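Trainee: For reference, the chains in residue letters:
Protein chains: 4
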Amino acid sequence: MEGIGRIKWAIAGGYIPRRSHGSAPQKTSHETLCILNTSAKDALVQITLYFADRELVGPYRVTVAARRITHPRFNDLTDPAPIPVETDYASVIESSVPIVVQHTRLDSRQAENALFSTMAFPLP
Amino acid sequence: MEGIGRIKWAIAGGYIPRRSHGSAPQKTSHETLCILNTSAKDALVQITLYFADRELVGPYRVTVAARRITHPRFNDLTDPAPIPVETDYASVIESSVPIVVQHTRLDSRQAENALFSTMAFPLP
Amino acid sequence: MEGIGRIKWAIAGGYIPRRSHGSAPQKTSHETLCILNTSAKDALVQITLYFADRELVGPYRVTVAARRITHPRFNDLTDPAPIPVETDYASVIESSVPIVVQHTRLDSRQAENALFSTMAFPLP
Amino acid sequence: MEGIGRIKWAIAGGYIPRRSHGSAPQKTSHETLCILNTSAKDALVQITLYFADRELVGPYRVTVAARRITHPRFNDLTDPAPIPVETDYASVIESSVPIVVQHTRLDSRQAENALFSTMAFPLP
Numbered sequence: 097m098e099g100i101g102r103i104k105w106a107i108a109g110g111y112i113p114r115r116s117h118g119s120a121p122q123k124t125s126h127e128t129l130c131i132l133n134t135s136a137k138d139a140l141v142q143i144t145l146y147f148a149d150r151e152l153v154g155p156y157r158v159t160v161a162a163r164r165i166t167h168p169r170f171n172d173l174t175d176p177a178p179i180p181v182e183t184d185y186a187s188v189i190e191s192s193v194p195i196v197v198q199h200t201r202l203d204s205r206q207a208e209n210a211l212f213s214t215m216a217f218p219l220p
Numbered sequence: 097m098e099g100i101g102r103i104k105w106a107i108a109g110g111y112i113p114r115r116s117h118g119s120a121p122q123k124t125s126h127e128t129l130c131i132l133n134t135s136a137k138d139a140l141v142q143i144t145l146y147f148a149d150r151e152l153v154g155p156y157r158v159t160v161a162a163r164r165i166t167h168p169r170f171n172d173l174t175d176p177a178p179i180p181v182e183t184d185y186a187s188v189i190e191s192s193v194p195i196v197v198q199h200t201r202l203d204s205r206q207a208e209n210a211l212f213s214t215m216a217f218p219l220p
Numbered sequence: 097m098e099g100i101g102r103i104k105w106a107i108a109g110g111y112i113p114r115r116s117h118g119s120a121p122q123k124t125s126h127e128t129l130c131i132l133n134t135s136a137k138d139a140l141v142q143i144t145l146y147f148a149d150r151e152l153v154g155p156y157r158v159t160v161a162a163r164r165i166t167h168p169r170f171n172d173l174t175d176p177a178p179i180p181v182e183t184d185y186a187s188v189i190e191s192s193v194p195i196v197v198q199h200t201r202l203d204s205r206q207a208e209n210a211l212f213s214t215m216a217f218p219l220p
Numbered sequence: 097m098e099g100i101g102r103i104k105w106a107i108a109g110g111y112i113p114r115r116s117h118g119s120a121p122q123k124t125s126h127e128t129l130c131i132l133n134t135s136a137k138d139a140l141v142q143i144t145l146y147f148a149d150r151e152l153v154g155p156y157r158v159t160v161a162a163r164r165i166t167h168p169r170f171n172d173l174t175d176p177a178p179i180p181v182e183t184d185y186a187s188v189i190e191s192s193v194p195i196v197v198q199h200t201r202l203d204s205r206q207a208e209n210a211l212f213s214t215m216a217f218p219l220p
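Protein chains in written order, with this note's numbering: chain R, 97 to 220; chain F, 97 to 220; chain Y, 97 to 220; chain V, 97 to 220.
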């Protein structure tokens, strides 16, 4: 069980809206990093954030147990620093074993939410 | 007619909302697995689900006839076990012949629906 | 100028909602096939549709002039047969020169529209 | 630090809605080009636009500093010519160093916004 996917991924279009409508936490405006680890080993994942006008920040560290998933919200990443809202950013995700990465945003700035999801970009 | 696509795909960002507005079944909150089989043979498809805090579940079995499609809802997969709502999951899709796989979510927790779709991630 | 992209693409998740709100044609529920032809030759494009319970239908023929785009709606494809609404389908797109293909759906069954877009799946 | 991604990308499905609801600039209907440059060199990016019934326009020039991102709106690109609203277009993005490109549309023609995002198509 080698695990499927890639060990490096990138997401260029990050943005956490500032405002939210509806009951927390489901309806809070957020971005989620969906990670699938099918391998027999835990995935040690490091996330680096890039911004428009400041130095990169990271690594943020997330562990995905063997044959498990984790769907952390970028909103909840606080170490080494919280992610500013209403600010464009991008992320590079690196893992000790192959993983699959998908990116989802829920925008609840208005009463009726908007939602998108896209696969992260797989790197060699 | 060999069939186009891949025999293995993954979707990292699964989640079925609990609530719905509007007339069933069209407006029920759901996730759909869109499968295209262009080959001259039936596609025997096995789906395995991964979760954050429990063992993987599967295989779920779906057959796509030769030169046909099927768009099963994850909501309707019940064997070997129904998929819990309001729970993060991921899926790995394996087929006996090449197929193309796309993932769609309709979120009707609010009166005005949100919708997204993304190709599944193709594996070697 | 060889043209960029691929000569064969697939979209597994087709569906044209039956109802619409708002002014036609912008707000009519629809699916669009966005095709970019950067080559110095016209692209002769053939689209074949696949269904869950009937034989495939096609080819539908679309020409994209050299260095031009076209964004036909699936709703407007009528030859050899109109595409039924509220019916799952998939499409395979084949071109005489490399093209880039993206798929968009506007769902205006409710007053507030939902929207998604995804790249089609590139084939070898 | 070579930089990750590709030096050429394409987006087939461009369209800027004409109308907007809500406070500018966040809620103005727009399309964004999200570019990530992880390399140690500035990325000199050239964008060429393709249309259905006129000659291509460009290059538009954008610089992304080393280890930075930029998320320009297509709405704000004016040199060599502003992009017409309510008009289908496509774009080809070429960079001096590898970058990652994602495409996002916010459609606020109605009070409740619709949103989508997809990776651009990577070219060799």
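Hint data in this document are derived by calculation from the structure and do not stem from the laboratory. Incorrect hints may appear among the rest.
[Said to hold, decoys possible] Below, in silico cross-link-like pairs of lysine-lysine (PhoX-like), each with a Cα-Cα straight-line distance of 20 angstroms or less:
(1) Lys-123(R) <-> Lys-123(F)
(2) Lys-123(V) <-> Lys-123(R)
(3) Lys-123(Y) <-> Lys-123(F)
(4) Lys-123(Y) <-> Lys-123(V)
Since this is a predicted model, take the numbers as computed values, not measurements.
Trainee: Hint by hint, work out which the structure violates, then give me just those numbers in ascending order.
Mentor: Nothing - there is no hint that the structure violates, so all of them hold.
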